[in-house]
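Please take these sequences and the hints and turn them into a complete structure.
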Amino acid sequence: MIDREQVRHVARLARLSLSEDEEARITEQLSGILEHVEKISALDLNGVEPTTHVIELTNRFRPDVPVEAPPREVLLEAAPEGDGDSAGFEVPSPQA
Amino acid sequence: MTALEPVIGLEIHVQLATETKMFCGCRLSFGDEPNSHICPVCLGHPGVLPNVNEQAIVYALMIGEALGCEIAERSTFHRKNYFYPDLPKGYQISQYDHPIAVDGRLGDVRVHRAHLEEDAAKLSHKGASGRIHGSGASVVDFNRGGTPLVEIVSEPDIRSAAQAREWAQLLRATLASLGVSDCNMEEGSLRVDGNVSLRPAGSDELGTKTELKNMNSFRFLERGIEAEIERQRELIESGQEVEQETLHFHPDDGSLTPMRSKEYAHDYRYFPEPDLVPVVPTAEMREAARAALPELPAARKERYLTELDLPEATAASLAFQPELGGFFEDALAANSDATPRAIANWVTGDLVAALREQDLGEDPYRSKAEPREIAALAAMVEGKQVSHSAGKQILAKLAAEGGTAAGVVESEGLAQISDDSEIDAMIDAAIESEPEAADQVRSGNEKAIGRIVGAAMKNSQGRIDGGLAREKILERLG
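Sequences listed follow chains A and B, in order. Heads up: the first sequence is residues 15 to 110, going by our numbering. Heads up: the second sequence is residues 10 to 487, going by our numbering.
Just so you know, the hints here were simulated from the structure itself, not pulled from any lab data. Each statement offered as a hint is correct.
Using C-beta positions, here's what the derived DEER-type ranges look like: (1) B:Ala146 / A:Glu52: 41 to 51 Å; (2) A:Asn73 / B:Arg278: 22 to 32 Å; (3) A:Arg18 / B:Arg278: 12 to 22 Å; (4) A:Ala28 / B:Ala322: 52 to 62 Å; (5) A:Glu49 / B:Arg83: 28 to 38 Å; (6) A:Glu82 / B:Glu311: 39 to 49 Å; (7) A:Thr65 / B:Gly197: 29 to 39 Å; (8) A:Glu52 / B:Arg228: 49 to 59 Å.
Here the structure is a predicted model, which is why all the values come from computation and not from measurement. Glycine is no exception: its CB is placed at the ideal position from the N, C-alpha and C atoms.
As structure tokens, this is what we get:
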């Protein structure tokens, strides 16, 4: 269903570093999940609209009105590394 | 070798001018202190839910209608997955196989689709170079993250860099007239990327394309595409192949450099966004969007040509430059005695020149001149109360200092000289001051008359009508 190479590829896209053991285990788990989902293809689904959402709701909107957010200092506490000068989220440069 | 033909498509991202972001209630802003308009939703905290901004849907529907698109009966959001620090959730909420609008047309270019998505945050790179390469750390400003965007994708119907610029200008004018965006290319609320490939002229197949980014003005758009067409032409004509890549345009020297590709960048693993339900535009929603459409630039140009009898280039520049067109409409509404053509000429000619001189960009409302005073000026010149050259002085004064046209005429003493004997005396003096030219005119060389007319205008400080001066000079020398 899914091979080690595909797992490595997806892990790389998600910037995850997996050990050999983890790769093996996840390959097995993902294959199991895909096999399970694959069962749906046993059904004749001609003319059935793909389900994009399990709740039969449409057009849930909010008015275009500003809403107060939690204090900035609190939000900035989640920053991996505060930038002393300009209050921001400092990250390693993505392409350095 | 068969001639090569450029095939160009454009992708335009336009930031919507809503009050708040696409999926949360944070205010939109530009230039505010970094990270001053953020909340758990646009920071991608675990467990938060996106909530669709109704006004963004309204604007997207207006754009779809204005571009003659088919509006989707059922439109859904997808997650576009990629890993980059400007995207805190690890995915961008966008649209994939059910965009809100498809299959439209603007002018002579077909529109493939228009879809809604959220903007990424803004990365600024620390260190002296200012460029991405080599700098060790970046700071993320999430104020921009989550801004509603509509991405408009054209079909590859464009055949030259100049046509690409013209179409992008028409699109900008159309979006600006809708009021759905500031459409400011420098500030990035309108971003135009180009897809460029070459193929043998007449072929139906498409060559390998490259994507051009960072062309943040219409001039750069044209120059960037022009440079890329030439680069590909040289490659192909020397037997090499064009590589599919993304190129970054450098405005300072007009060069194009490959952007180091985000690894596997095109492997986005789209899947339906489970946190959002479908958008199903109702008949009422579509009707409201249609009703909200103003006169669109293409229609406005047509009206200028047929009803106001404006020349093609003037009609286009007024219709496709929203600020200029708005100023012209206001001047027309002032009900002066001037013809629309005369007002149009003053606005697109001398007023635009004055804006350039004062470094005010393309918005005539930033000058001191009032639309009704430009109309009054046009009427004065048409009614021969002031000469054309005096008119130019009045306009310059109005643009720089404001006030009324009549007031400037008064204070500068620019009223046309109406006393015949005074005019005659000035004509005689002009002929005397240019004896050589006078002789030439006498011997049949009418071209030389320009210098005498010029002298008369100068002596009178532009207070004689040029046509009248010419007539009188010819009478004397003919």
